[in-house]
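Please model the complete structure; the sequences and the hints are all you need to start from.
Sequence order for the protein chains is A and B. Numbered per the numbering used here, the first sequence finishes at 495, counting up by one with no gaps. Numbered per the numbering used here, the second sequence finishes at 495, counting up by one with no gaps.
It is possible that part of the hints are untrue.
Pairs of lysine-lysine residues, derived as DSSO-like cross-links and limited to a Cα-Cα distance of at most 27 Å, are as follows [what the hints assert, rightly or not]:
(1) 186/A - 240/A
(2) 336/B - 341/A
(3) 254/B - 308/A
(4) 295/A - 189/B
(5) 307/B - 189/A
(6) 317/A - 308/B
(7) 390/A - 317/A
(8) 307/B - 254/A
(9) 294/A - 295/B
(10) 308/B - 294/A
(11) 336/A - 352/B
FRET-style restraints, in silico, Cβ to Cβ [claimed, not checked]:
(12) 262/A - 301/B: 46 to 52 Å
(13) 446/B - 310/A: 23 to 29 Å
(14) 295/A - 382/B: 35 to 41 Å
(15) 213/A - 446/B: 42 to 48 Å
(16) 394/B - 494/A: 23 to 29 Å
(17) 243/A - 307/B: 30 to 36 Å
I should point out that these hints are in silico values taken from the structure, not numbers from a laboratory. Positions of the beta carbon are idealized from the N, C-alpha and C atoms, including for glycine.
There are 2 protein chains.
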Amino acid sequence: MLVLSAIKNVKEDIRTRLEADYPELTFSFCHGIEEAKEELPEAEIFITYGEDLNDELVKQAKKLKWIMVLSAGMEKMPFSQIDQQEILVTNARGIHAVPMAEYTFAMLLQIARQTKKVIANEQTHTWDKKLVMSEISGKTMGVLGTGAIGQEVARLAKAFRMKTIGVSKTGNPKPHFDETHATDKWEHVLEYADFVVAVMPSTSETIGFLRKEHFQMMLPHAIFLNMGRGDLVETETVLQAVRSKEIAHAVLDVFEEEPLPREHVLWEEENITVTPHHSGVSPQYQYRAFDIFVENLERYLQGQEEFINKIDPKRGY
Amino acid sequence: MLVLSAIKNVKEDIRTRLEADYPELTFSFCHGIEEAKEELPEAEIFITYGEDLNDELVKQAKKLKWIMVLSAGMEKMPFSQIDQQEILVTNARGIHAVPMAEYTFAMLLQIARQTKKVIANEQTHTWDKKLVMSEISGKTMGVLGTGAIGQEVARLAKAFRMKTIGVSKTGNPKPHFDETHATDKWEHVLEYADFVVAVMPSTSETIGFLRKEHFQMMLPHAIFLNMGRGDLVETETVLQAVRSKEIAHAVLDVFEEEPLPREHVLWEEENITVTPHHSGVSPQYQYRAFDIFVENLERYLQGQEEFINKIDPKRGY
Chain A
179 MLVLSAIKNV
189 KEDIRTRLEA
199 DYPELTFSFC
209 HGIEEAKEEL
219 PEAEIFITYG
229 EDLNDELVKQ
239 AKKLKWIMVL
249 SAGMEKMPFS
259 QIDQQEILVT
269 NARGIHAVPM
279 AEYTFAMLLQ
289 IARQTKKVIA
299 NEQTHTWDKK
309 LVMSEISGKT
319 MGVLGTGAIG
329 QEVARLAKAF
339 RMKTIGVSKT
349 GNPKPHFDET
359 HATDKWEHVL
369 EYADFVVAVM
379 PSTSETIGFL
389 RKEHFQMMLP
399 HAIFLNMGRG
409 DLVETETVLQ
419 AVRSKEIAHA
429 VLDVFEEEPL
439 PREHVLWEEE
449 NITVTPHHSG
459 VSPQYQYRAF
469 DIFVENLERY
479 LQGQEEFINK
489 IDPKRGY
Chain B
179 MLVLSAIKNV
189 KEDIRTRLEA
199 DYPELTFSFC
209 HGIEEAKEEL
219 PEAEIFITYG
229 EDLNDELVKQ
239 AKKLKWIMVL
249 SAGMEKMPFS
259 QIDQQEILVT
269 NARGIHAVPM
279 AEYTFAMLLQ
289 IARQTKKVIA
299 NEQTHTWDKK
309 LVMSEISGKT
319 MGVLGTGAIG
329 QEVARLAKAF
339 RMKTIGVSKT
349 GNPKPHFDET
359 HATDKWEHVL
369 EYADFVVAVM
379 PSTSETIGFL
389 RKEHFQMMLP
399 HAIFLNMGRG
409 DLVETETVLQ
419 AVRSKEIAHA
429 VLDVFEEEPL
439 PREHVLWEEE
449 NITVTPHHSG
459 VSPQYQYRAF
469 DIFVENLERY
479 LQGQEEFINK
489 IDPKRGY
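The structure is reproduced here in structure tokens:
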């Protein structure tokens, strides 16, 4: 049984461990799809970041039974062809929770404590104790998206003694949220959230979810942070909200166009902080992703039908 | 009964509330000791930051029964004269816990996530996803000082799933610490602490507490953070530890000499981050400090003898 990976630079210790633990399997670790596609017709299991497949490649993969996507983004997966060939798809949803929660608090503290000015003062050897700082403790945080990432953000927010309010499609109660609301009636949350953190996935229902009127409802001292998907809100809407002081600051890790073009006005906007879609970056990434793969591999080899993070190809999540 | 305050710029709402709640008392809010010292001989209660008194002033304060110090630093208090006149002293110990804990995590996340480089990239419109970041979650934190501030730091560290090890004079167990060690046998902690956070007060026993050999025991990837007192360790010792790569980074908010002189080499050292003794700065400072004052005022007026943060003039803490 061929297990083919198109993941670049799989860590040596992960490869060695897999080969040692499963001597009955043949592993082929390729450096990207260009190298991997030759072997794809022979592979039963394919490990990918989910951005390198198309209908044609899937059609050629006649023996393929399972695609393990080592990320949470599924937008580029050719699901109808995958569905036709009845291929199992699982992903690594949830492994971004720790770094993305750390990103959230790093950025909120950075804004609250005026880190850019503090660093600029350090560079000019300026001892300025009078810089006005605020605290994040005890504030109210609205979290759009109550999945694994949203819950980890809310868990830490509770540790900072915040009130946490979650917004999701169903509005079902979730751990670490003091309140949860469904997306058909949630706008009032914006009227008392000091922080609005968006970690919604990109589905047809979340594209353009946040509009001009939502920013008009937010508190003037509110910080808006988007690390979910760039198409949740039009860039122009955020820019205007900040410029007209409807909110105090926007922290953006995701954009309608990525990489954000060098000449884009967002880079220069004083009260918008731009980061290069790195909220999920972690030195633990491969380890956590392959841990999920191994757990699912055990189940696969035992012929089980329950898998961690199984994706419905018809829904795409 | 005259309640005299030398605190500059006491917030209007605090003054109004005190005057409304205690119509039987006479409050005099002065802008510093120069303005206050005239009234000091008539005052029964004096509110100060604790840096403006001397033997002469205390001697003149013949009616003085209680000094409320709105800070935790007691180094400049003329305690022997205060003791002679049997004046009650209380302070605002503990109110720095929230901002100092926020400072700690802001700074650890700043180093772990390479914030200076991220901000520099933003300034040059550079989209760089490849910057290596580490996580703070799951690490081990040693905290020198297990009082109110150390406990708040440890509480948040536990939320970040860290192992927390406290070091204090007695080594008595304290909330939020997985282990605690006494200062007569604690050095082994340095061998496995990813972060070493110092919040020790300045007493004769903590001056020069950390020495060259301690840094030699620390992990090469360790981050050392000092926000307690600058005389805990000689600046030169920290500088050499960083330069010889005994530790990865030092975050310093306190110094042997403050303000840190503009020409000091620390400002320019790549792996030392200098902040201007602002870890305790908070917009909530006056509110929290006066909350303690009011609680003690109630007890004082009722003739109780137990007070929050009562200081022993003979020990100075």
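**OP:** Mind checking the alpha carbons of residue 336/B and residue 341/A for me, to see if they're no more than 27 Å apart?
**Re:** Distance ~19 Å between residue 336/B and residue 341/A Cα, so the pair holds.
**OP:** Note whether the CB distance of residue 213/A and residue 446/B lies within 42 to 48 Å or breaks it.
**Re:** This hint holds: roughly 46 Å between Cβ atoms.
Original post:
Within 35 to 41 Å or not, the Cβ separation of residue 295/A and residue 382/B?
Top reply: For residue 382/B against residue 295/A, whose Cβ atoms are near 37 Å apart, the range 35 to 41 Å holds.
Original post:
Is it true that the CA of residue 307/B sits at most 27 Å from the CA of residue 254/A?
Top reply: Given pair residue 307/B, residue 254/A holds - Cα atoms ~20 Å apart, limit 27 Å.
Original post:
When you take the CB atoms of residue 446/B and residue 310/A, is the distance between them in 23 to 29 Å?
Top reply: 27 Å, holds
**OP:** Hint says 30 to 36 Å; check whether the CB-CB distance for residue 243/A and residue 307/B agrees.
**Re:** With Cβ atoms ~32 Å apart, the hint holds.
Original post:
Taking 27 Å as the top limit, are the C-alpha atoms of residue 308/B and residue 294/A close enough?
Top reply: Since the Cα atoms of residue 308/B and residue 294/A sit roughly 21 Å apart, the hinted pair holds (cutoff 27 Å).
**OP:** Mind checking the alpha carbons of residue 390/A and residue 317/A for me, to see if they're no more than 27 Å apart?
**Re:** Distance of about 24 Å is within 27 Å: holds.
**OP:** Sort out whether residue 189/B lies within 27 Å of residue 295/A, counting only the CA atoms.
**Re:** Judged against 27 Å, a Cα distance of about 26 Å means the pair holds.
Original post:
Taking only the CA atoms, is the gap from residue 336/A to residue 352/B under or equal to 27 Å?
Top reply: Holds - the C-alpha atoms of residue 352/B and residue 336/A are around 21 Å apart, at most 27 Å.
Original post:
Do the Cβ positions of residue 394/B and residue 494/A conform to the proposed distance bound of 23 to 29 Å?
Top reply: Roughly 55 Å apart at Cβ, these two residues miss the hinted range, so it is violated.
**OP:** Sort out whether residue 308/B lies within 27 Å of residue 317/A, counting only the CA atoms.
**Re:** 33 Å, violated
In this structure, the hints that do not hold are numbers 6, 16, in rising order.
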